[in-house]
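Taking the hints into account, I'd like the entire structure generated from these sequences.
Protein chains: 2
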Amino acid sequence: MKEQAVDLAIVGCSALMQEESGLGFEDDVTIEVKEGRIAAIGPSCRKAGQEAERWIDGRGLYALPGFINAHTHVAMTLFRGAVEDVAVDSWFNDHVWPMEVNLEARDVWLGAMLGCAEMIESGVTTFVDHYFFADQVAAAVEASGLRANLGWTFLDDQGDTGLGRSIAFSEEWNGGAAGRITTSVAPHAPYTCSDRQLSLAASAAERLGVRVHIHAAEHLEQTEASVRERGMTPVQQLDRAGVLAAGALIAHGCGVVEDDLSLLEASRDRVAFAHCPKVYLKHGLAPLTPIRALLERGVAVGLGTDGAAGCNTLDVAESLRLMALTQKHEERDARWMPLNTALQLAGPGSAAAVGLDGLIGALAPGYRADIVLVDLSGSHCRPLHDPAAAIVYSMRASDVRTTIVDGSVLMEDRKLSTVSTQEILDEVRERLPRLLDTAHGRRMARYPLARTAEPREAG
Amino acid sequence: MKEQAVDLAIVGCSALMQEESGLGFEDDVTIEVKEGRIAAIGPSCRKAGQEAERWIDGRGLYALPGFINAHTHVAMTLFRGAVEDVAVDSWFNDHVWPMEVNLEARDVWLGAMLGCAEMIESGVTTFVDHYFFADQVAAAVEASGLRANLGWTFLDDQGDTGLGRSIAFSEEWNGGAAGRITTSVAPHAPYTCSDRQLSLAASAAERLGVRVHIHAAEHLEQTEASVRERGMTPVQQLDRAGVLAAGALIAHGCGVVEDDLSLLEASRDRVAFAHCPKVYLKHGLAPLTPIRALLERGVAVGLGTDGAAGCNTLDVAESLRLMALTQKHEERDARWMPLNTALQLAGPGSAAAVGLDGLIGALAPGYRADIVLVDLSGSHCRPLHDPAAAIVYSMRASDVRTTIVDGSVLMEDRKLSTVSTQEILDEVRERLPRLLDTAHGRRMARYPLARTAEPREAG
Numbered sequence: 001m002k003e004q005a006v007d008l009a010i011v012g013c014s015a016l017m018q019e020e021s022g023l024g025f026e027d028d029v030t031i032e033v034k035e036g037r038i039a040a041i042g043p044s045c046r047k048a049g050q051e052a053e054r055w056i057d058g059r060g061l062y063a064l065p066g067f068i069n070a071h072t073h074v075a076m077t078l079f080r081g082a083v084e085d086v087a088v089d090s091w092f093n094d095h096v097w098p099m100e101v102n103l104e105a106r107d108v109w110l111g112a113m114l115g116c117a118e119m120i121e122s123g124v125t126t127f128v129d130h131y132f133f134a135d136q137v138a139a140a141v142e143a144s145g146l147r148a149n150l151g152w153t154f155l156d157d158q159g160d161t162g163l164g165r166s167i168a169f170s171e172e173w174n175g176g177a178a179g180r181i182t183t184s185v186a187p188h189a190p191y192t193c194s195d196r197q198l199s200l201a202a203s204a205a206e207r208l209g210v211r212v213h214i215h216a217a218e219h220l221e222q223t224e225a226s227v228r229e230r231g232m233t234p235v236q237q238l239d240r241a242g243v244l245a246a247g248a249l250i251a252h253g254c255g256v257v258e259d260d261l262s263l264l265e266a267s268r269d270r271v272a273f274a275h276c277p278k279v280y281l282k283h284g285l286a287p288l289t290p291i292r293a294l295l296e297r298g299v300a301v302g303l304g305t306d307g308a309a310g311c312n313t314l315d316v317a318e319s320l321r322l323m324a325l326t327q328k329h330e331e332r333d334a335r336w337m338p339l340n341t342a343l344q345l346a347g348p349g350s351a352a353a354v355g356l357d358g359l360i361g362a363l364a365p366g367y368r369a370d371i372v373l374v375d376l377s378g379s380h381c382r383p384l385h386d387p388a389a390a391i392v393y394s395m396r397a398s399d400v401r402t403t404i405v406d407g408s409v410l411m412e413d414r415k416l417s418t419v420s421t422q423e424i425l426d427e428v429r430e431r432l433p434r435l436l437d438t439a440h441g442r443r444m445a446r447y448p449l450a451r452t453a454e455p456r457e458a459g
Numbered sequence: 460m461k462e463q464a465v466d467l468a469i470v471g472c473s474a475l476m477q478e479e480s481g482l483g484f485e486d487d488v489t490i491e492v493k494e495g496r497i498a499a500i501g502p503s504c505r506k507a508g509q510e511a512e513r514w515i516d517g518r519g520l521y522a523l524p525g526f527i528n529a530h531t532h533v534a535m536t537l538f539r540g541a542v543e544d545v546a547v548d549s550w551f552n553d554h555v556w557p558m559e560v561n562l563e564a565r566d567v568w569l570g571a572m573l574g575c576a577e578m579i580e581s582g583v584t585t586f587v588d589h590y591f592f593a594d595q596v597a598a599a600v601e602a603s604g605l606r607a608n609l610g611w612t613f614l615d616d617q618g619d620t621g622l623g624r625s626i627a628f629s630e631e632w633n634g635g636a637a638g639r640i641t642t643s644v645a646p647h648a649p650y651t652c653s654d655r656q657l658s659l660a661a662s663a664a665e666r667l668g669v670r671v672h673i674h675a676a677e678h679l680e681q682t683e684a685s686v687r688e689r690g691m692t693p694v695q696q697l698d699r700a701g702v703l704a705a706g707a708l709i710a711h712g713c714g715v716v717e718d719d720l721s722l723l724e725a726s727r728d729r730v731a732f733a734h735c736p737k738v739y740l741k742h743g744l745a746p747l748t749p750i751r752a753l754l755e756r757g758v759a760v761g762l763g764t765d766g767a768a769g770c771n772t773l774d775v776a777e778s779l780r781l782m783a784l785t786q787k788h789e790e791r792d793a794r795w796m797p798l799n800t801a802l803q804l805a806g807p808g809s810a811a812a813v814g815l816d817g818l819i820g821a822l823a824p825g826y827r828a829d830i831v832l833v834d835l836s837g838s839h840c841r842p843l844h845d846p847a848a849a850i851v852y853s854m855r856a857s858d859v860r861t862t863i864v865d866g867s868v869l870m871e872d873r874k875l876s877t878v879s880t881q882e883i884l885d886e887v888r889e890r891l892p893r894l895l896d897t898a899h900g901r902r903m904a905r906y907p908l909a910r911t912a913e914p915r916e917a918g
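Protein chains in written order, with this note's numbering: chain C, 1 to 459; chain L, 460 to 918.
Any given hint could turn out to be false.
Some chain L residues judged to face chain C by a derived CB distance under 10 Å, without partners named [said to hold, decoys possible]:
1) W514
2) A541
3) V545
4) P557
5) L573
6) A783
7) L784
8) R791
9) D792
10) S836
11) L843
12) A848
13) K874
14) V887
Taking lysine to aspartate or glutamate and the EDC-like style, the derived pairs with C-alpha atoms no more than 20 Å apart in a straight line are [claimed, not checked]:
15) K493(L) - E478(L)
16) K874(L) - D413(C)
17) K415(C) - D872(L)
18) K874(L) - D375(C)
19) K415(C) - D516(L)
Read the hints as simulated data drawn from the structure, not as lab findings.
Here a beta-carbon is modelled for each residue, glycine too, at the ideal position from N, C-alpha and C.
This is the structure we're talking about:
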C-alpha cells in the first residue's frame, strides 16, 4: 500500500513521451498526479493509480501535453467571422479597431470566457494573451481553470497611462490564480509605440522579472517600410530599445530577414516567436515566419492562433497542422517539418517560447499536470499506422475527450466543468449591436503601414 | 391537404440558397424530398413538410448541398499515415506503389467502405474515384448509399489489358447503383500512359458518353520536364491525344502554365480540374493549381482530397478551408477567394467539375436530394456573425449532423445507417501486415520525373 494516495490517476492510456529517438508513444501507461504536478508516469505504477482519489480510464485514449496557444487575444471571439476578405490595413483601420473602441470590461470578460471554453474543448491548456482590460482576462483564467501568460496592451496614443497600466497589471497579476497566471509587459508593436515607450517597457519587464510580449515584423512589407523610414528592421528597433535584452515573445515574425538572425541568435535564451499560420494565410501574407532558420539558430518558436477575429478559431491542433503543411510548401521540401519536429514544437518548443520551459509542454515527472486525452478511434484516423501522423494530419479538436490543467479536470468526455457557454452566449447576444456599431468613426489606433506590394495579378 | 405526401421533409433549417447577390442563407426553410429529388424548398411549405413520410427537425441546423470530393482514391484509407515526410518521387516509388502491389479485391472493398464511412461522417455525398479494382469501389458505393463517379486506373505497364478493363468498367457501371454511379475512363497520367493509350481512352470515352479522369500537370517541375523531353506541356499532350476533345477531369493542375490556358478555355464545356490543396502542401509543391486564372477563363475547378495515404483525411470541408486560405496566400491578396466564391466552388463549381452540373451541388427544386445538416452551435462557431464564415473558417467535419444522398438518410445525428465501421476495421486489421509488406521489391509503376528543383536552402 502506498504511503499517500495520489490526487488523480489516468490509467491505461498511450502517452506521448520523450524517448531516445525523439517523441514517441508508449502504450499502457499510468499518469499519477499529485498537487497539480505529474508525480509519476509509466507502466509500473498502474496498480498505484487505481488507489488514487480520482481515477480516469485512459484505455484507448492518447495522452498529450495540453496544447499551448502562444499568441492570442482571447476576447476577440466576440468578433469571430465579423470581418472577412479585406486587406490587412483595412481589416484594422476600417473594421477591428473601430469595433474595439466599443469594448467595455464586461465584454472582455464574456469574450474571454467564451474563448476559454473553446480552448478547453480544443485541448488548449495554456494561452498567451495580449489585450485591453487584461484584468478581465485574468478573471476568466481564474474562473475557467486554464493557465495563461497575460499582458495588458498599450499603444502610444494612450500616452503614459497605457504603459503604466500594462506595467501595473504585470506586477499585480504575476503568479496569480494559484500560480497559473504569469504576465508580460505588452506594448502593441514597434509601429504603434514610441522608442521611449519600448525602452520603458523593457526596463519595467527586467525589473519585474517578466518579458515583453509584442507584435513585430508582422510581414515583409512592414520590415521594408521600417528600413525605409527608420533605417532599421523592426527586430533591430527592438534591440535598440532594449527589448531583446529584456526578453520578448514576438508575434509574428513573417518579416524577419537575414540581417535579424544574428541578433536573435544572441538573444535566444530569452527571445522567442509565436507563429500563427492561419491568420498569415488569411491576410494574404507571404513569406511566413522563417521557422527553419530560427530553429537552426536555437530561437524558440511557439504555435499560436492569434485572435478569433482573424483566425476564426482558437484551435492549436489546427495551427499545428497548418504549420507542418505550410512549412513543407514554403521550403519546397516534403521532408522538412517531420512529424517529430512538429510535435516537439507544439510541446516543449511552445513551452520554451512562452517562458514556461520545464514546467509544461511535456508528460514527465515534475511537470505541471496539463494533460489532454485524445480519441483517435474515429474513421478519419483509422487504421492507425502512426498516432503521430494522426495527431498532426487527421485529428480534429472534437477528438479531445478530456482536458486537465494543474491536475484539475476542466473537461471530461467533452463536458465542461468550469464554464457555462450558454449563459455567456446569452449575455453576449445582447451586447453585440453595441459592439459592432462603428458609426462613431473612432478607432484604437491607425495601422500605419499600407502594404507596398500589389496583389499578384491573376493569370 | 396535399395530393401526395412527400418522402422526406427537413423542417425549420437555415438553407444555403442561390440569391440575387450570390449564395446566402435563408432562415426557417423546409426542404421537401420526393423520389430522391428536392421537390420544394422554401418557407412556404412548412406545413406540408409535417405531412411527409419522414420528418427531420432542422431547427438550429444549417442545410448545405452535400460536399463533393472531386478527386480521391477512396480505398487508400488503408495506407493513411503510413508514409510521411518523404519527397514525392520516393513517396510513390519506395512506399505507396510497392504497397499497392499487395492489393486484392477484398482489400479495396474494405478500404472503400471505410472511406465511405468517413465521407458520410464528413458531409461528403459524392466522390470521384480513380483506382484499381473499381468494381469493388462500385460495390462500396452501392452498399454505402453514396454517389460517385468511378474510373478503373490503368497504366501503360499493364499493356492493353488495363486499358480494356477500364473501358469495360466504364461501360458496365455507368448508371449503376440506381443511377448514383457514373463512370470515367481512367488512364493514370500522361507520364505513365502512352500517347496511343491516351488516344484510345479518349475515343472510348466519347463513344460511351463519359469523360476521361486523369492526373496531369501535377507540379511545375513535371510540366518543365515534359517540355524538355517531349517539347510540349502535359496539357498540350492531352490535347494532342484527343483527351481534351473527349472531355476530362484533370487532377491536379499545379503545373498548368500560361501556354495551357487558351487550350483549356477552348475546352471549358468539357474539361475541368480537381484541386486537392492538402496533398500539394504535404508534398512540398509550389505553385498550387492556378484557380483564379482557370475560373477567369470559365474552366470549372472542383474541390478534392486525393487519397488518404497522402491527404490523411477525406474531409472536403478541410479542403475548402485550405483552398480559401492558400488562395489568399498564393495570390498575395486577402480579398481574393471571398467566402461566396469559396462556397460557390464547393457547391455548383464542384458539381460542374465532376460532370453533374444541375443535378447536385445546390439546394433547389429538381436537384438530387444530396443534403447535409450542419450544427454551428459549437463554441468554435459562436457568436455567429456570418454562417458562411463559420462554414469556411470555423466548422469541423464533426459538426455535420446528418447526411442525405438521393433522399436517403445515410447518417442522422452522427449515427451511420449503411456502414458498420467496426466490422470493417476488424477485418482490415488482419490484412494490414500483408498490405504493408514491401519486401517483394515490386511496384505498380515508376514515378519517372524526379523533381528538378532542389528544396530551398534553409536560412
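The hints, checked one at a time:
| no. | hint | verdict |
| --- | --- | --- |
| 1 | W514 | violated, 27 Å |
| 2 | A541 | holds, 4 Å |
| 3 | V545 | holds, 6 Å |
| 4 | P557 | violated, 15 Å |
| 5 | L573 | holds, 6 Å |
| 6 | A783 | holds, 8 Å |
| 7 | L784 | holds, 4 Å |
| 8 | R791 | holds, 5 Å |
| 9 | D792 | holds, 3 Å |
| 10 | S836 | holds, 9 Å |
| 11 | L843 | holds, 7 Å |
| 12 | A848 | holds, 3 Å |
| 13 | K874 | violated, 13 Å |
| 14 | V887 | holds, 6 Å |
| 15 | K493(L) - E478(L) | violated, 24 Å |
| 16 | K874(L) - D413(C) | holds, 18 Å |
| 17 | K415(C) - D872(L) | holds, 18 Å |
| 18 | K874(L) - D375(C) | holds, 17 Å |
| 19 | K415(C) - D516(L) | violated, 24 Å |
In terms of the numbered hints stated before, the structure departs from hints 1, 4, 13, 15 and 19, listed from lowest to highest.
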